[in-house]
Structure formats: structure tokens, C-alpha cells
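These protein sequences, in sequence, are chains Y and C. Sequential numbering from 1 applies to the first sequence in our numbering. Sequential numbering from 1 applies to the second sequence in our numbering.
Calculated from the structure, these hints are not laboratory results. Note that beta-carbon positions come from the ideal geometry of N, C-alpha and C, so glycine has one too. Check each hint, because a few of them may be wrong.
[Said to hold, decoys possible] Here are a few chain C residues that face chain Y, going by a calculated C-beta distance under 8 Å:
hint : residue
1    : 243
2    : 260
3    : 297
4    : 306
5    : 325
6    : 326
7    : 337
8    : 344
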Amino acid sequence: MMDAVAPTSEAKPDLTAIAADAAGEQAVGRPTVYVYEAPVRICHWVNAVSILVLMVTGYLIGTPLPTVAGEASDNFVMGYIRFAHFAAGQVLAVFFLARILWAFVGNHHSRQIFYIPVHRAQFWKEVLHEIRWYAFLEREPKMYVGHNPLAQTAMFTGFTLFVAFMIVTGFALYSEGTGIDSWQHKLFGWVFAIWPNSQDVHTWHHLGMWALVMFVLVHIYAAIREDIMSRQSIISSMVSGERQFRD
Amino acid sequence: MGAATETFYSVIRRQGITRRSFHKFCSLTATSLGLGPLAASRIANALETKPRVPVIWMHGLECTCCSESFIRSAHPLVKDAVLSMISLDYDDTIMAAAGHQAEAILEETRAKYKGQYVLAVEGNPPLNEGGMFCIDGGKPFVEKLKVMAEDAMAIIAWGACASWGCVQAAKPNPTQATPIDKVITNKPIIKVPGCPPIAEVMTGVVTFITTFGKLPELDRQGRPKMFYSQRIHDKCYRRPHFDAGQFVEEWDDEAARKGYCLYKMGCKGPTTYNACSTVRWNGGVSFPIQSGHGCIGCSEDGFWDKGSFYDRLTNIKQFGIEKNADQIGMAAAGAVGAAVAAHAAVTAVKRLASKREDAKQDH
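One chain only, chain Y, in its complex shape:
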């Protein structure tokens, strides 16, 4: 189920579409493949916005804004920041869960971020190729309909695992406020069996945030770069769902 676009694959250039317009300019037909189904795209953008809100508000919870003046009853700055954090966190959790469910019914590409085919030698060979491509050792990139093997590895660890970790530790910390009778504590209280002092859970939750910051940096950079360098659409694919190959 490798996604490299082989000459025989589903992405065969449809050159019959090439025609000439009235001015005699030749239109160029470009092969496109439907990759990201609507639920995948919706989850992607909802999660992206949630994560952005979570990072900003999370940082401000750890390092609050300067003191506001006036009566305490007239202000609710930390309250609103925390509300935004908890709301975004629960939106992220719901859409992450929805994304997992979609992996069971969606197409092959919707499952890619949830596993690494560790047992397949060919996969690792292509990971190596991608690493060489990013290290400027390969002249030509390989084209993939879905994620390339290196991207799949990065998505699985950098996104799926880290976000799962953040959701679990986040709900555990949230359960401190909702109390030990809450469903949050019943579901996620076991985190405090690993770190009895919730101070440590806070520390790990902070580190997880920074890990996600790093993921986001690399993710956005790689998407832009591949869009330009690999001659295939990446960014617009997450809007339209279609991947276009440009040569």
C-alpha cells in the first residue's frame, strides 16, 4: 500500500485533457487524485485552530499577563483564558476522537497518521530516500498520493502520539478542578499514579506543548517546501482534498 506514484498508479497523467483555447494557448491538464476526504480536512483545520488557541492560552496560564487593575469582581482575565483553553482542549479531544473513528471508515490515506508500517523494509528504504532528499543528497523527489514515508513517521509521532499525550495529561489536570467524582478523574486520574505530584504533570504538559510547537514549525515548513519542490500540491490539497501533480 505504498503511495509512491509509480507510472502505473492511479495518478496516471491524463494528457487527453490538453486542448487549445480560442487564443491558441495550450491549456495544461494536470493529473489530480482525491486524497483527503471532507472529514479529514475538517478535522485538520479544527485541530489546527484548537492547537493554536491551546498553545497561546496554555502559555498564558503558565505565565500570566501583567496584573489588571480594579476590583477582582470586575475582571475575569485568567477565567476567560482558562475557559478558552479548556474549551479548545475539549474541541480538540472530540475532533481527535472523530478523526480516529474516521480512520475506520475513511479511505486508505485517512489511516496513515495512526501507524507506522515498521515491519516493511521497503517503507524504511523510502524513509531513507526522503531523509536523503531533505539532506539535499537526492536530486529528484518521489511523489506520493498521501504522506511520504518520512511524513507518515513524523505525523504519527509528532502529531498523533503527542496530541494523545496532551489530551490525556490535559484531562488529568482538568480533573483536578472538576474533582475526584468527575468522569474526567475516573477516566484520566491514573495519570497521577505515574506522577503523584501534579506539579510533574504540569511540567510534562508544558514540555508536550513545546514538542508540538516544534512539530508545527516543521509541519508547516515541510508542507510549503514540498508544495514548491516536489511539484505537487500540498497546502491546497488540505482545502480541496485533491492532490495535483505538476509534471
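Since the structure of chain Y is already known, use the hints to place chain C on it.
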């Protein structure tokens, strides 16, 4: 001390305490335990009819602050009441007997009340060098603890020492001081952490055990839910300032004088489970935050090893540096950002070069 067949009620009556005071104590205790109105009479009934529960109170590596706290319980009756309620057969710090006479009581209680006595442990046993860092009655404390635990009904782990390890278990823990639940694994253990625990919490726990003959409901970490299910932060009277975003930024600033939230001064209230913000200390007079100082988290695991008491975030000591999560994360994210920028620059140069090459080939 000695025989423990009489009831608590008969003992306090003999000491001249009125029945009225006795009932006051019972309702006060029922309230502090969070029990319903009927519980006061159940407590009274139990204390009038049940034989006093023998308690062995042992001291390992500790500073006796738990005992100090316990005997300063707020209600004037409480310390007398509790000391009479439990038949405190052995407490090497406050008992009259000494030497062989004292040690004999241990054996006697163990034989006479097999499986019925409560073992209250203040402090913890050091395990390194065969336990020689705490010798008690000529033997390592850990041996004494194991022997007495064998026939106990339940064990109370008093304070942060017995519950988590406290300062003597702080890194690098040269004596290998170990909390009770890591040494005794086959007995019900109730943790009453704090350095020291609040006096009313201690007497409340003892009252519950002697009244109902079982341990109170415990949370996941073995602490009584009635006192440790909420954080200092949840019931802090400065919480409105936290929600409003009003913080003390310096110890001597206007906000400090106005009594704003101490979050930025490293208050550990948001991560500390204890009853200080409700029960308070010294008969409800005050507690650290009320006195203008943040909570240091003394009832939490490893509170000595979480960096400064005045930092919000914990220092991380791995990799040989002392930085908090945000400093480490920001540095790492900065490095990744720089790497991305460098990679983009190389990509651009390469692309330009190859374009020129292509252009040359085309001509």
C-alpha cells in the same frame, strides 16, 4: 497506658470532662469529617460503648513536627480526647515509660491485640546500609516497623515523611529513606501527608478509625478523601484574584499589600492537595497564603525536589541543567526554527543553482 479495655467515654468522664463537652466534640468531629447530622450520635455511641483502640505510635526518621501539630489540635478537648480515645499504648516521644519497660509494651500490645491495634508511624525507615541510619532500641527502625506492622489492623502514615519520604528522601537521598507504603505492602495504609499535617485532620482521621473501626474512604493515592480531595487553590480565599488576573509580582508591591494571588510568586496551591485553605492552622487563625506567603506544597510527593519554592514552574535537572519546561521548550523550538530557516535557505540556493544549470542546458 497499659490495659485498654475501658471505653473512651469512661476515661474522659473520669478526667472531669462533662457530657456536654463530649457531645460538642462529637458533633464538631462529625462536621469536620464531612459526615451527616446523624453521625455525631453514632460517634458518641461508638465512643461510649466500644473499647478504646490500642495505638502504637512509632517514630522513624522524622522531626516530630507531626506530634507537635497533633497535640496542638484546636478544640481544647481534642488533644485530651484523642489521647484518651485511642489507648495510646506506646509513643516513645511522649510516653512516661522508657528503655526496656517501654519496649516491653510493644511486645505486650502485639500479643494481646493481634490484628486489632493501629500502627501510627511518624517518619520513615532508611533502608541503606541495612537500615543503620535510624537505630531504635538497639535495632534498625525498619525491623521494628516490619515486626509491628505484621499484626496491625491498619497503618497510619503520618506526615510527608511516612507518606512520600519528605526532606530525608530528597535527592540524592543518601540514607535511602523510604515511605511506609514501599516497605509494608500487605496492610491497609492511610496517608496523612503534610509537613506537618493539620492537627484537626490528624484527630479527625483517628476519630474516624476508632469510631467506625475501619479506614475512611481513600483516594487513589491512599489519602483520606475528606481532607485531601481538593487543592489549596480550589478553596483559597484569594482565588477571585487569580480568576481576575490579579497577581503579586514582587514581595513588596502594591498587589502584595492588597492580598492578590501569589501564583506568580511560586505558590503551589494549584498542585497541592490539603485542607489548609478550609481548616487552616492554629485553631483556624491563619494559613500560609493568608499570611502572605505562597503554599510550598508540603503535602505533595517530593516537594523538596521541585526547585525553588518561589518559581511557578518546576526545574528539570536532567541533561545536567537547571531550567524549567518553558525555558527548555523555548530553546528547543528556537533551535528547530533556526534549522528550518537554514534548511529553507539552502533549498533556495540549491534551487537557484539548479535552475541556472537547467537554463544553461536549454541553450
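To see whether the hints hold, each was checked on the structure:
1. The beta carbon of residue 243 (chain C) comes within 4 Å of a beta carbon in chain Y, closer than 8 Å, and the hint placing it at the interface holds.
2. The interface hint given for residue 260 (chain C) is met, as the beta carbon of that residue sits about 7 Å from the closest beta carbon of chain Y, less than 8 Å.
3. Proximity of residue 297 (chain C) to chain Y holds as hinted, the smallest CB-CB distance being about 7 Å (cut-off 8 Å).
4. Taken as an interface hint, residue 306 (chain C) checks out: its beta carbon lies about 5 Å from the nearest beta carbon of chain Y, inside 8 Å.
5. Interface restraint check for residue 325 (chain C): the shortest CB-CB distance to chain Y comes to about 4 Å, inside 8 Å, so the restraint holds.
6. Among the interface hints, the one on residue 326 (chain C) holds; its C-beta lies about 6 Å from the nearest C-beta in chain Y, closer than the 8 Å criterion.
7. Because the closest C-beta pair between residue 337 (chain C) and chain Y is about 6 Å apart, less than 8 Å, the hint holds.
8. Given the 8 Å rule on beta carbons, the hint for residue 344 (chain C) holds: about 7 Å separates it from the nearest Cβ of chain Y.
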